[in-house]
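Q: Okay, here's what each chain looks like letter by letter:
There are 2 protein chains.
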Amino acid sequence: MILVNGKVASDIEVTDRGLQYGDGLFETIAIHDERAILYSSHLKRLEEGCRRLLIPPIAREILDEEVVKVCQGISRGVLKIMVTRGSGGRGYQPPSQPQPTRILSVYPWPNYPSIFMEYGITLRVCRTSLGYNPSLAGIKHLSRLEQVLARSEWKNPMIPEGLMLDSQGHVIEGTMSNLFIVQDAHLQTPDLSGCGVAGVMREFILKQAFNLGLKTVVRPLMLADLKRAEELFICNSLIGIWPVRRLGESQYPLGPVTRHLQHLMQS
Amino acid sequence: MILVNGKVASDIEVTDRGLQYGDGLFETIAIHDERAILYSSHLKRLEEGCRRLLIPPIAREILDEEVVKVCQGISRGVLKIMVTRGSGGRGYQPPSQPQPTRILSVYPWPNYPSIFMEYGITLRVCRTSLGYNPSLAGIKHLSRLEQVLARSEWKNPMIPEGLMLDSQGHVIEGTMSNLFIVQDAHLQTPDLSGCGVAGVMREFILKQAFNLGLKTVVRPLMLADLKRAEELFICNSLIGIWPVRRLGESQYPLGPVTRHLQHLMQS
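As you go down the protein sequences, you meet chains V and F in turn.
Per numbering that gives the first Met the number 0, the very first residue in the first sequence carries number 0; after that it's consecutive.
Per numbering that gives the first Met the number 0, the very first residue in the second sequence carries number 0; after that it's consecutive.
Everything labelled a hint here was simulated from the structure, so no lab data went into it.
Everything numeric in this text was worked out from a predicted model, so none of it was measured.
Be a bit skeptical, because a hint or two may be false.
No distinction is drawn between identical chains; accordingly, a pair holds when it is met within one copy or between any pair of copies.
Claimed, not checked - List of simulated lysine-lysine pairs, DSBU-like, C-alpha gap at most 30 Å:
| hint | residue 1 | residue 2 |
| --- | --- | --- |
| 1 | 139 | 79 |
| 2 | 68 | 6 |
| 3 | 226 | 206 |
| 4 | 139 | 154 |
| 5 | 43 | 226 |
| 6 | 6 | 79 |
| 7 | 43 | 154 |
Isolated chain V (complex conformation) (with noise of 0.2 Å):
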């Protein structure tokens, strides 16, 4: 089911800025069991997004009614809502009282291969590189094309995700996920003041592992740091956490922090 402000629909305006300019924002929720999986944490962000770019916030009441219509009977699916800066404006000037679109979508849910969860994954290192850019820098808005070119580098189904840098050789995230490392039982994950996408899983990581009194350090992170590190994973809303266990001539083993993680996020 698709809600385009809130009527059932399957197809938006030409002139919507959405199409027009990247101009929007969006967010992907894992469904389970007609529950929007931290929900809260996803609106937040959006809510941050839409100040980020000056598009008005979507009243909370509407979305929630809308979430509850669209997850109906779904036990395990993908939600997606995308917010645009509507139709309007003169070329790129946004309008002086955007009227925003709102798209809720469920999708099926992508059924990864198990074994990326319990044994985990060789990660690529992408020629595509991020951008600097400190304006677009956590938020997750709609103007994508450096992950679809950087998506597009590689077929091999087996490797399922890969690194993208910045263009100082900076390690940012992957094509649709974030990255953490531990090492000396300091779980890291790369600074994204400049660019990337500051992810809801990431968050809630980084708040479970102060819960566990495990130090967490946000820092800029090169590949050398890779090398040299314990254990590596990547997480987002719908994967939760991957081992990372081969990246270039690096192995790693599916350590017990990774593990430890792993776990609180199944229970």
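Please build the complex by placing chain F on the supplied structure of chain V, with the hints as guidance.
A: Quick look at chain F alone, frame taken from chain V:
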């Protein structure tokens, strides 16, 4: 009139990757007496964009026919051609056999004050920077949130354009235009290998200058180079050439090279 894949329509599918990820390209073309101006150059850039993004190009005959159709009866207007990767794929991963969506639409001619062309404009410098990304540089893709944010920075209609720099401080382009400077009888324009859109009008001006025997230089430019310049102008397919008379504390004359190029374009 809007044609979506050849049919009169005003909507496209929500699942289209143009909306979902900014996964596509566009051209903005002046229409004069039912003719699309610099049409071949626009199509060449569109084809180059398709090649770079691995989107199957639209057959030339199909586009030609649809362009004639939408331009019919239009004495002055704007033709926008969009090509997206269509629907499908798995997340960011493009489908193996993309079915591109083509959208042709006609908009009213923007009635810019004629003083901008005749006397010139005041240009400002935007805070929003352009991310360095050679994979996307040059082409006119749909992930344009940087331009939207830059164009949101000011509302004063007497300032019709803002300059965008990359994160290293190189001057790249205007939000909707390219930039030229004249210095020691050389026509210079920023190198766009790291970011920016290689405008069709920029290309046309470079050719005209070559034919005039004017030496042209494409190189990295800084704000200091602009300060020292004898003449400054911006250009795009709709505005033609607008002289820049003021940028920050610097003032510029409406110089002979700018004037000469303007005359050539009107002939």
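Q: Checked against the structure, which of the hints given earlier come out wrong?
A: Number 5 - this is the single hint that the structure violates.
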